[in-house]
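2 protein chains.
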Amino acid sequence: MSINVQPPSGMRDFLPQEVKKRRYILNIIKDAYEKYGYLPIETPALERLEVIYGKTGAETDKLIFEILKRGEKLEDAIKNSEQLSEYGLRFDLTVPLARFYANNIGNLPGLFKRYQIGPVWRAERAQKGRYREFYQCDIDVIGSDSPFNEVEIILATMDAFYALGFEDFVININDRRILFQILKSLDIYLRDEVLISIDKLDKIGKKEVLKQLIEIIGEDKANKIMIVFDSVAKAKGSIDRINILENAITNLSGSDEVYDSTPYDQLRLIIDTIDAVGEKKNIIFNPYMVRGMTYYTGPIFEITIQDVSFSLAGGGRYDELIGVYNKYDVPACGISIGFERIYYLMCERAMFPKDIEKNEVFMTVFTKELMTDCLKIAKDLRGEGFNVFVYPDFNDKIGRQITSALKNNFKIALFYGEDEKKKNCISVKNLDLNKQDTIAMDLLVDYIKTQLKV
Amino acid sequence: MSINVQPPSGMRDFLPQEVKKRRYILNIIKDAYEKYGYLPIETPALERLEVIYGKTGAETDKLIFEILKRGEKLEDAIKNSEQLSEYGLRFDLTVPLARFYANNIGNLPGLFKRYQIGPVWRAERAQKGRYREFYQCDIDVIGSDSPFNEVEIILATMDAFYALGFEDFVININDRRILFQILKSLDIYLRDEVLISIDKLDKIGKKEVLKQLIEIIGEDKANKIMIVFDSVAKAKGSIDRINILENAITNLSGSDEVYDSTPYDQLRLIIDTIDAVGEKKNIIFNPYMVRGMTYYTGPIFEITIQDVSFSLAGGGRYDELIGVYNKYDVPACGISIGFERIYYLMCERAMFPKDIEKNEVFMTVFTKELMTDCLKIAKDLRGEGFNVFVYPDFNDKIGRQITSALKNNFKIALFYGEDEKKKNCISVKNLDLNKQDTIAMDLLVDYIKTQLKV
Numbered sequence: 001m002s003i004n005v006q007p008p009s010g011m012r013d014f015l016p017q018e019v020k021k022r023r024y025i026l027n028i029i030k031d032a033y034e035k036y037g038y039l040p041i042e043t044p045a046l047e048r049l050e051v052i053y054g055k056t057g058a059e060t061d062k063l064i065f066e067i068l069k070r071g072e073k074l075e076d077a078i079k080n081s082e083q084l085s086e087y088g089l090r091f092d093l094t095v096p097l098a099r100f101y102a103n104n105i106g107n108l109p110g111l112f113k114r115y116q117i118g119p120v121w122r123a124e125r126a127q128k129g130r131y132r133e134f135y136q137c138d139i140d141v142i143g144s145d146s147p148f149n150e151v152e153i154i155l156a157t158m159d160a161f162y163a164l165g166f167e168d169f170v171i172n173i174n175d176r177r178i179l180f181q182i183l184k185s186l187d188i189y190l191r192d193e194v195l196i197s198i199d200k201l202d203k204i205g206k207k208e209v210l211k212q213l214i215e216i217i218g219e220d221k222a223n224k225i226m227i228v229f230d231s232v233a234k235a236k237g238s239i240d241r242i243n244i245l246e247n248a249i250t251n252l253s254g255s256d257e258v259y260d261s262t263p264y265d266q267l268r269l270i271i272d273t274i275d276a277v278g279e280k281k282n283i284i285f286n287p288y289m290v291r292g293m294t295y296y297t298g299p300i301f302e303i304t305i306q307d308v309s310f311s312l313a314g315g316g317r318y319d320e321l322i323g324v325y326n327k328y329d330v331p332a333c334g335i336s337i338g339f340e341r342i343y344y345l346m347c348e349r350a351m352f353p354k355d356i357e358k359n360e361v362f363m364t365v366f367t368k369e370l371m372t373d374c375l376k377i378a379k380d381l382r383g384e385g386f387n388v389f390v391y392p393d394f395n396d397k398i399g400r401q402i403t404s405a406l407k408n409n410f411k412i413a414l415f416y417g418e419d420e421k422k423k424n425c426i427s428v429k430n431l432d433l434n435k436q437d438t439i440a441m442d443l444l445v446d447y448i449k450t451q452l453k454v
Numbered sequence: 001m002s003i004n005v006q007p008p009s010g011m012r013d014f015l016p017q018e019v020k021k022r023r024y025i026l027n028i029i030k031d032a033y034e035k036y037g038y039l040p041i042e043t044p045a046l047e048r049l050e051v052i053y054g055k056t057g058a059e060t061d062k063l064i065f066e067i068l069k070r071g072e073k074l075e076d077a078i079k080n081s082e083q084l085s086e087y088g089l090r091f092d093l094t095v096p097l098a099r100f101y102a103n104n105i106g107n108l109p110g111l112f113k114r115y116q117i118g119p120v121w122r123a124e125r126a127q128k129g130r131y132r133e134f135y136q137c138d139i140d141v142i143g144s145d146s147p148f149n150e151v152e153i154i155l156a157t158m159d160a161f162y163a164l165g166f167e168d169f170v171i172n173i174n175d176r177r178i179l180f181q182i183l184k185s186l187d188i189y190l191r192d193e194v195l196i197s198i199d200k201l202d203k204i205g206k207k208e209v210l211k212q213l214i215e216i217i218g219e220d221k222a223n224k225i226m227i228v229f230d231s232v233a234k235a236k237g238s239i240d241r242i243n244i245l246e247n248a249i250t251n252l253s254g255s256d257e258v259y260d261s262t263p264y265d266q267l268r269l270i271i272d273t274i275d276a277v278g279e280k281k282n283i284i285f286n287p288y289m290v291r292g293m294t295y296y297t298g299p300i301f302e303i304t305i306q307d308v309s310f311s312l313a314g315g316g317r318y319d320e321l322i323g324v325y326n327k328y329d330v331p332a333c334g335i336s337i338g339f340e341r342i343y344y345l346m347c348e349r350a351m352f353p354k355d356i357e358k359n360e361v362f363m364t365v366f367t368k369e370l371m372t373d374c375l376k377i378a379k380d381l382r383g384e385g386f387n388v389f390v391y392p393d394f395n396d397k398i399g400r401q402i403t404s405a406l407k408n409n410f411k412i413a414l415f416y417g418e419d420e421k422k423k424n425c426i427s428v429k430n431l432d433l434n435k436q437d438t439i440a441m442d443l444l445v446d447y448i449k450t451q452l453k454v
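Chains as they are written, first to last, in our numbering: chain W, 1 to 454; chain R, 1 to 454.
No false leads were slipped in.
Note that identical chains are pooled: a pair holds if it fits in a single copy or bridges any two copies.
As a list, the in silico EDC-like pairs of lysine to aspartate or glutamate whose alpha-carbon atoms are at most 20 Å apart:
(1) Lys281 to Asp380
(2) Lys62 to Asp76
(3) Lys30 to Glu18
(4) Lys368 to Asp145
Quick caveat, the hints were computed from the structure, so don't treat them as lab data.
Here the structure is a predicted model, which means the values were calculated and not measured.
All chains should be modelled from the sequences, with the hints used to inform the complete structure.
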C-alpha cells in the first residue's frame, strides 16, 4: 500500500487548533464587513473558462486550474484537438462577482454592497507563505461612482484590522488616473512597461528606475517623470503631496487638455473624510503605487505593515470590469484582504486570545453500566451550553482516557464512578492546572464556568 | 459581447437572503456537533486521484471532476497517452478524512472525534434537487469500536434536527454484519446484487424482490431469505424485531459457524441507550436497509422524514477504510447530513425565524456636506452593534435612496438633514410598517432596538 496521503502541492490540512484560529480571524473580518452593511453572497468554486478569461488577460492565464472534460465531450475534444476543459477553479472573488452581478441583475438592487469570503485557487509555484488554495475576504460596491464608497471600504477594513489587534498598519492610496495623466501629458503609450518601473520607485530606488525609464522612453521623458515625482519629496503629509503633484502635472508640457482635477479632488476627499471619521491618521498618498491587476481605473489602495514585505490587503476602483459581463459598464470598487498572510502574521506574533486552542469538557467513563448516566450528565451540560466529549471506550484505563483528553486539547476532565454516583457528586479536574476537586452534582455547572476562566 | 454569465451546470449563485438562511442552518448543525465534542478540521478541495480512487471503486469513478495537468506535464501526458489529470475535486468528506488521519497521525489523538462542513463536487446529471456542488456536514469518530460512538453520532444529529425545528424524522438503523450473516448462511457470494435487491423491499414490495432474488440465487435460497425477513413483520417495536430476526438467522441451515451475536447486541445497546438518553423514541430497526457506499462494515443508519422521498442524513461504521491510507486498519464511524436537502425542505416548509432575510439600518444622505456627520452617526451605531449601510450617492433623491433600501432588504431607514442637525435629532422610518418618527439623537440606539423587534 503506497498511497501518497499528503494534500496536493501547495494545499493544506488544518488541525482543530488551526481551524479555531482561522475562524477567529474570519469571524472578526466578517463582523466588520457586516457592520458596514455589506451583504453576503456565494458563488461556485468553478466558473466557465470564458468567464475567467473574460477580462483578466495574460497575467492570470497561467494560474488557472482547469477541469478536464468528461465522457463523450472529452473524447470529442481529443479527436478534434479542441480545448480539453470548459470550467476552471476561480482564481479570485472579483471576476465571479462581476459575473454574479450580470447573472442576477434582475434580483439585485442597482446599488449593491456585498462581501464574500472563501477559497480561491491559483496554480502558482508553491513556496513559503504562498499557497495554491487560499482564502480571500472581499468587499465591493457595485453601482456607485461616489468616492465615499472608497471611504467606507477603507474604514471597514481598518476596523477589521484594529479588531484583530493590528495597530501598525498603513493604508497606501493612489489614483491610476493621475499616472495616466502623467503618461498622456508626455505622449507615452507603452503604459504597462513604464508603470511597472514607476511601481519600483520605493523598492529599487530612483537611480535604477531612471535607468529603466530611459531605456523605454528616452532621456527627456524619463527625466520629466522623475522631476514630477521628485517634487513630492519635499511635501509634508498626504494632502500637501497631492497638491504639489497636481501642480507639477499641470506644468508638464502639453498637459492642458489632459489635466483633470477629479482624481486629486477625490483623493483629498477620501483622505480628509477618513481622518475626520477614523481614529488614527494612517492613510498616506503613495504616488508610485500601481498595483498589478489591469482592471483598476481610479483610486487604488494597499494595506501594509512596517517590516512585513507583503501587503495584507489591496483593492481599488474598476469601473470597466462589470461591463465585460453585463450589457453596459457599471461603476464598482472593492478591497480584498489576504487572509492567509494575516493568519501567518498573527500566528507569528501570537495575537490570539488565551485558550483559543482549548476545548471544554472531557467526560471519562469507568464502566459500561455507568455509560447511560454519563451520557445524561453530558446532555445536561450541553443544555447549559458546554461542549462535552464523552469517552466511548468504557474498558480503557482512566490514565489512557486522560491522555486522550490532553491530546484532544481539553481543559476539564470529569470523573463519575460508583462512588460519585452513590454520593450524587462528581470529580472535576482542571487539566491545565493539574488540580482536582470533588463537588456536589448541582454545583457542577457553576464550577465548570469558573474553571474555564482560570 | 456574449459571455454566458450563468454558473456552471448544476451549480448555484446565492443571493444575500439565501446565504443568511443557509448560514442559519449551518450554524445550528455546527453548534450541535461542537456540543458533543467533535472538533473541526479542514482539508483541501482537491485531492490526489490515487486518494479519491483508493477505496471507493466503481460507484464513484464517474462522478469525479478531474483537474487537467498543466504545462510540460500536460504535453508529456498527451504525447505518451498517459492520464491527463493527477488531482480531482473531493466528492465526499469521508475519503479526505481517512487521508487526513493517515497524514497527520503524529499530531492526532488515537481517539479522534472530528466534524467537517464544506462543499463537495459530483459530476452527476443535474436535476431538480440534485446539484454538482453541494454542502455536506459530517461527524466521525476514528480510533474506537465502541457502539457508544454510534449512540453519540445519532444523538448529536437528532439534536441538530430538533434545533432546526424538525420533529417528524425517523432514524433507520441496521447492521451490515446481519445481512452478511444471512448471505453467508446460505453460501451466497454475489453479495452486491442480492443486497441491492433486499434494499428495495420497502420500496418495490416483496413480490418484485422475490422475483429478482430467484433470478440471482435460485428459488430455494430466495425463499429462505424472504422467510427470514417475513418473520420480522409480526414484531412489535425495534428490539422485538431484532430478537426475532436473530432467532430466524440462527435457524438458517448451516448457520451455526456463521452466527455471531455481536451485531444484535450492539443494535440493542444503541437503541436502548438512545431511548434512555434521548427525549423521543424515533429510532427504528430496518433490516432491509443496505446503503450504497461499499465501505460500511457494521451498523448503518439513515434519517428520513415521512412523505419525503430522499433521506436527510446517513452514515455507518467503516472499520476498513482508514487502513487503505494508513499502515493498519483503525475502527471508524460517522454520519453525513445532506445539507442541501434540509435547506430545500426548510424553505418549502417556511421553517426560518421571522425577519431572517432582513438587514438592519440604512442611512440616507441629503448633501455631500452632511456626509461626514452621517458617517460619524453610522460609526456610533456600529459601535452599539448595529449593521449600518450608508448610501454613498449624496446627489440622489431620497425616493431613489429608499428604493435602494427596500431592494437591499433593510428594515430601518435614517434621515439626517440640516433640520435634524440643528435640533440634534434624527428621523427614523420603519420600512416594514411604513411608519416614521423624529427623535432626539441620544434616544436613537434604544429606539432602533425596539423597532428591530417589531
